[in-house]
Amino acid sequence: MRDEAALMRSARFRAEREQDWIKLEALVAKAERGGVQSLQFAEARDLASFYRQATTSLAIAREISLDKALLEYLEALAARAYLIVYAPQERLGGLIGRFFAASGPQAMRRSALFVAAGFLCMALGGLTGFLLYLESNDWYYVFMPSGLAAGRGPDASTEFLRSVIYDDSPAATGLGAFAAYLFSHNTRIAIFVFGLGVFACLPAILLTFYNGLIFGAFYALHVERGLGWDLGGWLSVHGVTELSAICIACGAGVQLGSAVLFPGQNTRKEALRLAGRDAVKLAIIAALMLFVAALLEGFARQLIQDAGARYLIGWGVGALWLAWFLLGGRSRR
Amino acid sequence: MSLSRTRPTPNRQHRRNRRAARKKAASRVIPPEGVPLELPVASLGVRVAAQLTDLLITFAAAVSILILLSMLFFMYWSTVFALGALLFFFIRVPYYILSELVWNGQTLGKKLMKIKVVAHDGGSLTTHSLVLRNMMKEAEVFLPGTLLLTLDQTAPWAVWASLAWVAMAFAIPLSNPHRMRLGDMLAGTHVIRLPVPILLKDLAIEAPRAISANGQRFTFLPHQLDHYGGFELQTLEKLLRAQENRMSQSSAEQNRQAMTAIVERIRQKIGYADAVEPDDELVFLQAFYSAQRAHLEQRQLFGDRRANKFYADARPRGTG
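Respectively, the protein sequence lines represent chains A and B.
As numbered in the numbering used here, residues 154 to 486 make up the first sequence, in order.
As numbered in the numbering used here, residues 151 to 470 make up the second sequence, in order.
It is possible that part of the hints are untrue.
With a cut-off of at most 30 Å between alpha-carbon atoms, the simulated DSSO-like pairs for lysine-lysine come out as follows [unchecked claim]:
1) B:K351 - A:K183
2) A:K221 - B:K173
3) A:K183 - B:K261
4) B:K174 - A:K221
5) A:K183 - B:K419
6) A:K422 - B:K261
7) B:K173 - A:K422
8) A:K221 - B:K264
9) A:K422 - B:K264
10) B:K264 - A:K176
11) B:K351 - A:K221
12) A:K422 - B:K174
The set of hints was computed from the structure by calculation and includes no laboratory data.
Given the sequences, and given the hints that come with them, work out the whole structure.
Here's what the structure looks like:
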């Protein structure tokens, strides 16, 4: 009499392939422990072919077998092997180099329009703040958060304002001040501007505009006291970099927001993903610029007391950024 | 089905089915080989636990470096706090990105919780997507979080804004079946639970010859095997596999009673005339399992897939 189990197709199917599955399981376990680099050449070759066999087995088993335990095992095994076979295969060093040499500035140039929109928001805010302050001093208190002003307002004496700009006893320089500045107002603004852009652009634009308002009113206060040139120098040192970073972050936020608003032929999620490719590079650039700005603010501003030199440093660094954005990553013909 | 529970209304049942179907669809990843794989989506609770573990690790690293620094240099308290926040930031961001790159989508916390990041489209994870999803984590959770901790009472709107932002960051994953947060959507990734491959033995091969203690052989006729479908077969499989577990005295007794009831039920349903001795119940069930599986698999090969015992009703009409 013939054995019923031997006749059953799914049992035969399993018996024929079981050894390969167990080998694959061992290979996957080894690769998971020590990474794919720990495999020998022959093992890596076997991993790929066993993986393909296992997926084929799974496809067949789904059709012919009703053994739930077998199906679950193959599902799990194929999935584990899949995760090993399709692991990221890029090197980190090359990635960072590529970002600075090519992909960063290229992303900037691709999204020039959005960045320009960011600058426009800031400039309009600045102009509005400036004109409103000249119309009435009281606007200053409306715009300016009290923590940021640190006593510098329409009530303060001109002498006090000058003493802040040209600080003769720089006590709070060095690392501590640098760290404190990095988490200061503008960094937060930049991150919020980027993150909030997803909500249909509006929060990003508003925040940038508001930041411009503060800046405009602050500048108008000093112009009124005849300190416009000096404040320009004081702000230029880090402000050129820092305010540009906020505008770029705003551009990235607007890019995300516009993907949500106008997804075109794609779904919103897909459009967001595509827009994110450039937006995240812009955000990294903005973060980098804020970092440099904090360095300048923490060290250079208090060390250099001459207004002319301050202008030179601030706008010089700005020109370097611009050169990077315009010239970086262009392919030589 | 217990009697004490109220039966769900058809509408609610329908919704529940739809949710289950969506969950099943969400756990399907199609690799380049084209064979769909089942990768269950990780639940939010597990992900939060992994996140907390990672946070603890990076925080401990930042604190220990800070203690070292403060022993080497004299620092003011305000400087210590600012420096601590800075250190935490500069350890945390590379930690997430590098560990997910090196360990193929797993941080230490994720390893501990056995979850993993995968590419949403079934391809391999790219560095871009890993950088993106971890950068967005900063903007999504950490920054509003630190804002909440550091803000003073003078700006209540900012507190509320950051609170709303954090709430939204948690609401987005709950609103899609893949449990993707904003960063996942941008990066095209989602987080899965790692499946564990365990190869159990084949019941159809391992089963002893279907011969009872007194030499009687259990055989089933084809019409006796037309009563059940795949679901019932796999339920029986589960029961048979459970027999190998060690059981306590009371549960063994319960198990024996259940076996008797099941054998009786099957015998009545399929019209198996001969009585089954109590000692032969397990052998009978094993024999029935093998025969039923062989029968169903054969039917399946002929294109007659029987999901459960209601297969006759579910069959589309007008084709025969």
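Compare the structure with the hints numbered earlier in the document and write down the numbers of the violated ones, lowest to highest. The structure conflicts with hint 5 only, although it agrees with all the remaining ones.
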